[in-house]
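Chemist: Please build the complex by placing chain A on the supplied structure of chain X, with the hints as guidance.
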Amino acid sequence: MSAVIDHGHAGHDHHHGPAKGLMRWVLTTNHKDIGTMYLWFSFAMFLLGGSFAMVIRAELFQPGLQIVQPEFFNQMTTMHGLVMVFGAVMPAFVGLANWMIPLMVGAPDMALPRMNNFSFWLLPAAFTLLVSTLFMEGGGPNFGWTFYAPLSTTYAPASVTFFIFAIHLMGFSSIMGAINVIATILNLRAPGMTLMKMPLFVWTWLITAFLLIAVMPVLAGVVTMMLMDIHFGTSFFSAAGGGDPVLFQHVFWFFGHPEVYIMILPAFGAVSSIIPTFARKPLFGYTSMVYATASIALLSFLVWAHHMFTVGIPLTGELFFMYATMLIAVPTGVKVFNWASTMWQGSMTFEAPMLFSVAFVILFTIGGFSGLMLAIAPADFQYHDTYFVVAHFHYVLVPGAIFGIFASAYYWLPKWTGHMYDETLAKLHFWMSFIGMNMAFFPMHFVGLAGMPRRIPDYNMMFANFNMISSIGAFAFGATQLLFLFIVIKCIRGGKPAPAKPWDGADGLEWTVPSPAPYHTFSTPPEVK
Amino acid sequence: MSTSTDISRLIKRLVVVVVLMFAFGFALVPIYDVMCKAFGINGKPDGTAYEGTQVIDDSREVRVQFLATNNADMSWDFYPEGDEITVNPGGVNQMLFVAHNPTDKPMTAQAIPSIAPSEAAAYFHKTECFCFSQQVLQPGERVEMPVRFIVDRDMPKDVRHLTLSYTLFDVTARKPPVAQVSQ
Chain X
18 MSAVIDHGHA
28 GHDHHHGPAK
38 GLMRWVLTTN
48 HKDIGTMYLW
58 FSFAMFLLGG
68 SFAMVIRAEL
78 FQPGLQIVQP
88 EFFNQMTTMH
98 GLVMVFGAVM
108 PAFVGLANWM
118 IPLMVGAPDM
128 ALPRMNNFSF
138 WLLPAAFTLL
148 VSTLFMEGGG
158 PNFGWTFYAP
168 LSTTYAPASV
178 TFFIFAIHLM
188 GFSSIMGAIN
198 VIATILNLRA
208 PGMTLMKMPL
218 FVWTWLITAF
228 LLIAVMPVLA
238 GVVTMMLMDI
248 HFGTSFFSAA
258 GGGDPVLFQH
268 VFWFFGHPEV
278 YIMILPAFGA
288 VSSIIPTFAR
298 KPLFGYTSMV
308 YATASIALLS
318 FLVWAHHMFT
328 VGIPLTGELF
338 FMYATMLIAV
348 PTGVKVFNWA
358 STMWQGSMTF
368 EAPMLFSVAF
378 VILFTIGGFS
388 GLMLAIAPAD
398 FQYHDTYFVV
408 AHFHYVLVPG
418 AIFGIFASAY
428 YWLPKWTGHM
438 YDETLAKLHF
448 WMSFIGMNMA
458 FFPMHFVGLA
468 GMPRRIPDYN
478 MMFANFNMIS
488 SIGAFAFGAT
498 QLLFLFIVIK
508 CIRGGKPAPA
518 KPWDGADGLE
528 WTVPSPAPYH
538 TFSTPPEVK
Chain A
-1 MSTSTDISRL
9 IKRLVVVVVL
19 MFAFGFALVP
29 IYDVMCKAFG
39 INGKPDGTAY
49 EGTQVIDDSR
59 EVRVQFLATN
69 NADMSWDFYP
79 EGDEITVNPG
89 GVNQMLFVAH
99 NPTDKPMTAQ
109 AIPSIAPSEA
119 AAYFHKTECF
129 CFSQQVLQPG
139 ERVEMPVRFI
149 VDRDMPKDVR
159 HLTLSYTLFD
169 VTARKPPVAQ
179 VSQ
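Which chain is which? The protein sequence lines are X and A, in order.
To convert, take the position in the first sequence, counting from 1, and add 17; that gives the working numbering.
Residue 92 in the working numbering sits at position 94 of the second sequence, and the numbers go up by one each step.
Hints may contain errors.
Examples of chain A residues toward chain X, derived with CB under 7 Å [unchecked claim]:
| no. | residue |
| --- | --- |
| 1 | 8 |
| 2 | 12 |
| 3 | 20 |
| 4 | 23 |
| 5 | 24 |
| 6 | 26 |
| 7 | 69 |
| 8 | 167 |
Some residues of chain A that are not near chain X, with every Cβ distance over 10 Å (derived) [said to hold, decoys possible]:
| no. | residue |
| --- | --- |
| 9 | 4 |
| 10 | 48 |
| 11 | 57 |
| 12 | 73 |
| 13 | 86 |
| 14 | 125 |
| 15 | 129 |
| 16 | 130 |
Derived CB-CB ranges, DEER-like [what the hints assert, rightly or not]:
| no. | chain 1 | residue 1 | chain 2 | residue 2 | range |
| --- | --- | --- | --- | --- | --- |
| 17 | X | 145 | A | 46 | 49 to 57 Å |
| 18 | A | 4 | X | 135 | 18 to 26 Å |
| 19 | X | 358 | A | 161 | 52 to 60 Å |
| 20 | A | 130 | X | 308 | 52 to 60 Å |
| 21 | A | 156 | X | 390 | 23 to 31 Å |
| 22 | A | 54 | X | 340 | 34 to 42 Å |
| 23 | A | 155 | X | 248 | 48 to 56 Å |
| 24 | X | 248 | A | 151 | 48 to 56 Å |
| 25 | A | 120 | X | 390 | 27 to 35 Å |
| 26 | X | 390 | A | 2 | 47 to 55 Å |
| 27 | A | 50 | X | 89 | 56 to 64 Å |
| 28 | X | 466 | A | 156 | 26 to 34 Å |
Simulated from the structure, these hints should not be mistaken for lab results.
For every residue, glycine included, the Cβ atom is placed at its ideal position computed from N, Cα and C.
This is chain X alone, in the form it adopts within the complex:
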């Protein structure tokens, strides 16, 4: 069933190689090809979403309006969020899953290779649709990535319908990807690979996939309700017809909160593979890691209203959602404790994957703490919709999800390309990213606590210095990512040949196949002891 093209004259050796030319990528059902496409696509979206962020930071470089008009600024904040969440972070993790899960569980490919191809190719269509709205009359979506009704229904630009269909396509793609991951993990494990022997990246992805199939349909539902309100005269979110705009927020955040764990759990898994490798010790508390991940996933369904403390939910509701949110700090704390204990007394070396992973642990914890501050319902009335919130979620998403992806990319690049990447440049990439990221987002805590509102193109003079620092940091962080592109291309084109296991402390089935990984691996399942 695989897309092998028979060249006739070639013998059996050539039978299983990739097809030639462009059609290889269009028609491929190979998990490595599809993983590669997902990773390149997400990197392109990362640069696109990043350039939207550059527009935002350029406008906020000084108080007053200099570069863009507020209408366009609103489109930039919206598109930055949408592209980064749905275009950069989620597809990057699906790409890593495609490449690594079959290698890690000893499967020859994903369980549903054709669906895999389809779920990738929906994404370019979805994002073409989404980005094209920027060129339409009335502009693109300008209501924030959370698209609260009635901003996104009654007061939305005409292009909102295209936005809705783009979300539908992304949702289809994610759901199919998640079903594929679950089917692969539950059905295609090599003999002897019991669930509790699976690498944590596989475990966290299994749990993430269940989150995806539980909440992406709810997202599809909420945009469908918007579509009906806009075009078919229903009133789900319109008070004039008996609906309620607050209902939108409940349904959206029922999706939205599990979504933030969808963006971080796979990074937890990757880091749980990388830290033991470079600490040269087995992961501390494997079982507790699995249970902590599962508890975070279950709790994520019970905390959605902490995003809406200020809409006027009753006191008992505020207390319930406050305590439930704080409860999530417990399993998260277990994980941070386990990572720290894994490093404790290890023979640590600090290659690029480890640098990104250690920064992940430290900076994600800072983001977790500001999350705890936001969880305190009475205090949240002060923090709500300020730059403190922006600082919080960028601290969990940039050094969380994005650093997790960088760490994974450097960790597995030798396996993907067969070459070692340039360690000096990679370290430079890390330090530039680390400094740029902290410079961009740390001052936002202070301006947020002092009351600077988010999503506004202008601000009070008293915030000017901190905003200038933020902007310089953001420009540095953004420019540094071009260095990453250079490092990856350089690594693909050449470099020191990588052995099958380039990291001496590494453990796992993916290191038993040669580097670069052959086009087909584990056609006969390996024996796992």
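Modeler: Chain A only, in chain X's frame:
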């Protein structure tokens, strides 16, 4: 080891989960309404007249503010005669709201009340309210509409200030007014 039937059985189950979750998203709509009604948590007072009477509590005063808002596309003038009154819990109080139809067509309107803070909604009893029925105004007609209410003696002590807000909706399309011969 797994076979393709195992996989297809798993896929079927997962697809069922997806379909159920899509339906669940829509089920949240009635669930939300039921929860709001059951716990009285949306600042939505119940829409019937209060029949009881209460003894006035002179020891306590509550400020009641009045707001009137037109929903989008509503062209009437609509405002309370006073912005705020101070009342004693238990006593019957009245406020007049003025509505004026400046258009040249007869129109029907419905006012929807809301109370803030929402936990006070259950303790705010209307004995008479123009919101219990719809208003039909002829072109240029102007009416004063009363609302009579009792603030319950049992209202939590920390609520010293509440707001009664009305939003006026144009329901002419749904309930066409009977055109009236001018008096």
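Chemist: Hint by hint, note whether the structure agrees.
Modeler: Hint by hint, here is what the structure shows:
no. : hint                        : in the structure
1   : 8                           : holds (6 Å)
2   : 12                          : holds (5 Å)
3   : 20                          : holds (4 Å)
4   : 23                          : holds (3 Å)
5   : 24                          : holds (6 Å)
6   : 26                          : holds (5 Å)
7   : 69                          : holds (5 Å)
8   : 167                         : holds (6 Å)
9   : 4                           : violated (6 Å)
10  : 48                          : holds (22 Å)
11  : 57                          : holds (25 Å)
12  : 73                          : holds (14 Å)
13  : 86                          : holds (26 Å)
14  : 125                         : holds (25 Å)
15  : 129                         : holds (14 Å)
16  : 130                         : holds (17 Å)
17  : 145/X <-> 46/A: 49 to 57 Å  : holds (54 Å)
18  : 4/A <-> 135/X: 18 to 26 Å   : holds (22 Å)
19  : 358/X <-> 161/A: 52 to 60 Å : holds (54 Å)
20  : 130/A <-> 308/X: 52 to 60 Å : holds (56 Å)
21  : 156/A <-> 390/X: 23 to 31 Å : holds (26 Å)
22  : 54/A <-> 340/X: 34 to 42 Å  : holds (40 Å)
23  : 155/A <-> 248/X: 48 to 56 Å : holds (49 Å)
24  : 248/X <-> 151/A: 48 to 56 Å : holds (50 Å)
25  : 120/A <-> 390/X: 27 to 35 Å : holds (33 Å)
26  : 390/X <-> 2/A: 47 to 55 Å   : holds (51 Å)
27  : 50/A <-> 89/X: 56 to 64 Å   : holds (58 Å)
28  : 466/X <-> 156/A: 26 to 34 Å : holds (28 Å)
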